[in-house]
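Read top to bottom, the protein sequences are chains A and B. In terms of numbering that gives the first Met the number 0, the first sequence is residues 0 to 294. In terms of numbering that gives the first Met the number 0, the second sequence is residues 0 to 321.
Treat each hint with caution, since some may be false.
[Claimed, not checked] Coverage of chain A stretches by chain B, computed from C-beta distances (three or more under 8 angstroms per stretch; other residues unrestricted):
#1 47-57
#2 116-125
[As the list claims (entries may be wrong)] Not close to chain B: a few residues of chain A, all C-beta gaps over 12 angstroms, as computed:
#3 Ser8
#4 Leu16
#5 Leu32
#6 Ile77
#7 Arg93
#8 His99
#9 Leu100
#10 Thr106
#11 Phe155
#12 Trp164
#13 Glu168
#14 Gly190
#15 Met196
#16 Tyr219
#17 Ser227
#18 Gly291
Rather than coming from a laboratory, the hints here were simulated on the basis of the structure. Think of the CB as a built atom: it goes at the ideal place given N, C-alpha and C, for glycine as much as any other residue.
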Amino acid sequence: MFEIFGIPSQALFGQLLLGLINGSFYALLSLGLAVIFGMLNIINFTHGAQYMMGAFTAYLLLQYLGLNYWVALVIVPILIGATGIVIERLFLKRLQQLDHLYGLILTFGLALIIEGLFRNYYGSSGQPYAVPEALQGGHNLGFMFLPNYRAWVIAFSLVVCFATWFAIERTRLGSYLRAATENPTLVRAFGINVPRMVTLTYGFGVGLAALAGVMAAPIYNVSPQMGSDLIIVVFAVVVIGGMGSIMGAIVTGFALGIVEGLTKVFFPEASNTVIFAIMIIVLLIRPAGLFGRSA
Amino acid sequence: MATTDTAPLIRVYRETVWSLAVAAAILVAFLVVAPFVLYPIFVMKALCFALFACAFNLLIGYVGLVSFGHALYFGWASYLCAYAAKSWGLPPELALLTGTATAAVLGLIAGGLAIRRQGIYFAMITLALAQMMYLLALRVKLTGGEDGIQAVPRGHLFGVFDLSNETIMYAVVVVIVLAAFFLIYRVINSPFGEVLKAIRENEQRAISLGYKTERYKLVAFVLSATLAGLAGSLKALVFQLASLTDVHWNMSGEVVLITLVGGLGTIFGPVVGAFFIIALENYLAPFGQWVLVIQGAIFVVCVLVFRRGIVGELANRLRVQL
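For reference, chain B alone in the conformation it holds in the complex:
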């Protein structure tokens, strides 16, 4: 009896694993070929944003929490990483660690405050806290104000790999981002991830089952902020620059856009979304302010008729999980 009951589940599970494995293989193959066809700097930028969006998606897609202030972790991590590398002269691995740790601490504080309110208030609180830290970034010396922190040295990773070499930098970004993707995938599919999904579906029920949902939400928030920080730190090294753009609310909106276009709550959605949006912005750069209008239009279209996003739609057509 038991075997016949679980057989369809096992089949679904196998199909899921297969489809994810195929998708992952395509992604890796793409990343190997990409630097020969596209500008490596473009691919690296898209990868940083892909990681940023994956971190954001962990909250919105799997816990149902809408953070409208993720630029806070991305931007401040990028500042601290740049500052550590330039002013303290730390090697890149420690600079990345400094930036990421900063985001973790900020995530702990902001997350601890924001989870005290639910729903729509959560979004407003995260946005307000991010704006507060943006105003701080305008003021303090560390950030360099309007100039930002420029000419950040990339240095030698572990004292061996010279990151000023574009190929080595590319390889490092790919390895770090893929490792972070894998971490997120494991988190989502762990027992911890199942509880997060239960909270998304019905928080009251999860509470009544004895889960301390606030703690789960906070851990997920900190994890998301930390990974967003890793993305910001990497971006600071890749572009050798940390600036106000990365802490502004536009950036918080951009990560929502990327995730939405790619597909909320899908594993590969944020990656596809990042490549799509970054490519789009590259082509639209000469049109100045129209970028804002087009971004807004994409938001509206996605919400009205394309809520599954690119990957969500694809997965639905192929009847697999991606």
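Chain A with its partners taken away, still in its complex shape:
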């Protein structure tokens, strides 16, 4: 063990690691928000609740059906993504011609309903979710102890983020998606089913949130309100990065996680407000956001 700026390396890198973990969740969630916003022009306030549903579903699958983490990692995003598709078909579809404020209010209402229902049945206290067996333990890297599960979360979310980026920016399907974001009418004229694409996009964004929830379950306790506070921080992340760019959302998410981790080491009392403070600075210097094309 050694010290950096009078801080033991264990503490510094430990917090950095936690920062990266938080950053993975910021990146996954803001990515989902950006994808949804691009197609639907709606800020999905339900995103936090859907992340919580992901974690809870993983917990329930294990508790009642004995399905382990790896199964949950595959099934849960599909299940919750399907509920997203239902929400889009039932509600969001009707708001297309309306002011975007109605989308915000409706998804806020849905978030309240979901959180309220889960609180009714499971109370506000957290439920523990064990780390999967294959990823228990960790490695001593000399300057810090690296738990396997945390390394996995960071690596896997990086993979998911870049796969999403690749799918949207480098594939044919992604090019349809980007085209439909720019001009849906024209894309429809080419014979592409844009409404179905919109529905699937929402389902995909929601699935990403649920995936983040499953990954978060072994790290944080699974509780009904785990999403609501997180989503507000993610909004700040989105304001900082701007929603115009997929890569921007990923980079901003991870970077802000690291900044938050470092703040925890040097100014612990400011750690939960630092992202908001950065948002203020960005608004003052670059109002369009770091990666934003226009206000």
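Given chain A, put chain B in place with the hints provided.
Chain B only, in chain A's frame:
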């Protein structure tokens, strides 16, 4: 020629003035009778929320700005008012002024930041700033953390009126809230208010007509925050309590709910919405967490099928402006 062209407009104007006057008369009559039929504390609570929602409606209904963080001004004004009355021992009029001024300053800062982005970002910024100040409220000594500021003395207004007397407190709340309503009504119908509505309809056009829309938006924002602060300060005196509930994002959501149920962009909507929602919450209090679910369901129903709200729907049926 001119007279025949303007005649229908004048008729509409007269009808509007009449319908508003009738509605105002009904409201005043209701407020006079209410303490004899309902609990005065309930009416006072509803009035505080009505003022809060009117302040919020000024932004969402007349400028088209969606602030999702109005709890910031309501809650912090309530803290400062309570603190001024309790720890500094200020009389109620100065305590109210302290709370309201705090909200004005916070509104100036937060509004100045938030209007740098438009549309959906505006809502997210106001929410994030409010959350930041909520986290601050958890930390600083002034707010009393989880306990809040309890047993706030109501004191004597202007050294004469003893506010610990429930009837006098009620009268003071009614007078202040009605005065604030009137102020909002005058603002909406002033040339300044017309520019705000022009910004709501088409900001680019307003800019091209030479209006510095950012300044108009900021003034409207500060005004809204200030009045929300007045509502929060009054609530602190009425309940003799300032707590974390008032700065939490739930409160920001609640004011959206009240305004939406009553009718966005209507003058009396927020008042009706406040009485409706506060009454509903009173009845639902024993059901605990279901309140959250029901609030959420009301949001969804309002957005899908009831976008005009109670007063908006009524006005539409009667073909008048309310």
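Notebook entry, point to check: In terms of Cβ atoms, is chain B entirely out of 12 angstroms range of Thr106 (chain A)?
Noted result: violated (9 angstroms)
Check: Met196 (chain A) clear of chain B by more than 12 angstroms, beta carbon to beta carbon?
Finding: Answer for Met196 (chain A): holds, closest chain B Cβ roughly 21 angstroms.
Notebook entry, point to check: Taking a Cβ-Cβ distance under 8 angstroms as contact, does the stretch 47-57 of chain A have three or more residues in contact with chain B?
Noted result: violated (count 0)
Next item on the list: Report holds if the minimum CB distance from Trp164 (chain A) to chain B is greater than 12 angstroms, and violated otherwise.
Entry: holds (22 angstroms)
Next item on the list: Measuring Cβ to Cβ, find out whether Tyr219 (chain A) lies farther than 12 angstroms from everything in chain B.
Entry: holds (18 angstroms)
Item checked: Interface-negative label, Gly291 (chain A) against chain B, beta-carbon threshold 12 angstroms -> violated (9 angstroms)
Checklist line | 12 angstroms cut-off, C-beta based - Ser8 (chain A) kept clear of every residue in chain B | finding: holds (29 angstroms)
Next item on the list: May I ask you to check that Gly190 (chain A) keeps its beta-carbon over 12 angstroms from the closest beta-carbon of chain B?
Entry: Since the minimum Cβ distance to chain B is about 31 angstroms, Gly190 (chain A) lies beyond 12 angstroms and the statement holds.
Item checked: Nearest-CB test (12 angstroms) between chain B and Ser227 (chain A) -> Ser227 (chain A) is in fact no farther than 12 angstroms from some Cβ atom of chain B, at 8 angstroms.
Notebook entry, point to check: Closest CB-CB distance from Leu16 (chain A) to chain B, is it above 12 angstroms?
Noted result: holds (23 angstroms)
Next item on the list: Evaluate the condition: distance from the CB of Leu100 (chain A) to the nearest CB of chain B exceeds 12 angstroms.
Entry: Given that some Cβ of chain B is not farther than 12 angstroms from that of Leu100 (chain A), nearest at about 5 angstroms, it is violated.
Note to self: Please check whether the stretch 116-125 of chain A has three or more residues whose CB lies within less than 8 angstroms of a CB on chain B.
What the structure shows: That given contact holds, which follows from 3 residues of the stretch 116-125 of chain A lying within Cβ reach (below 8 angstroms) of chain B.
Hints 1, 5, 7, 8, 9, 10, 17 and 18 from the list above are not met by this structure, while the remaining hints are.
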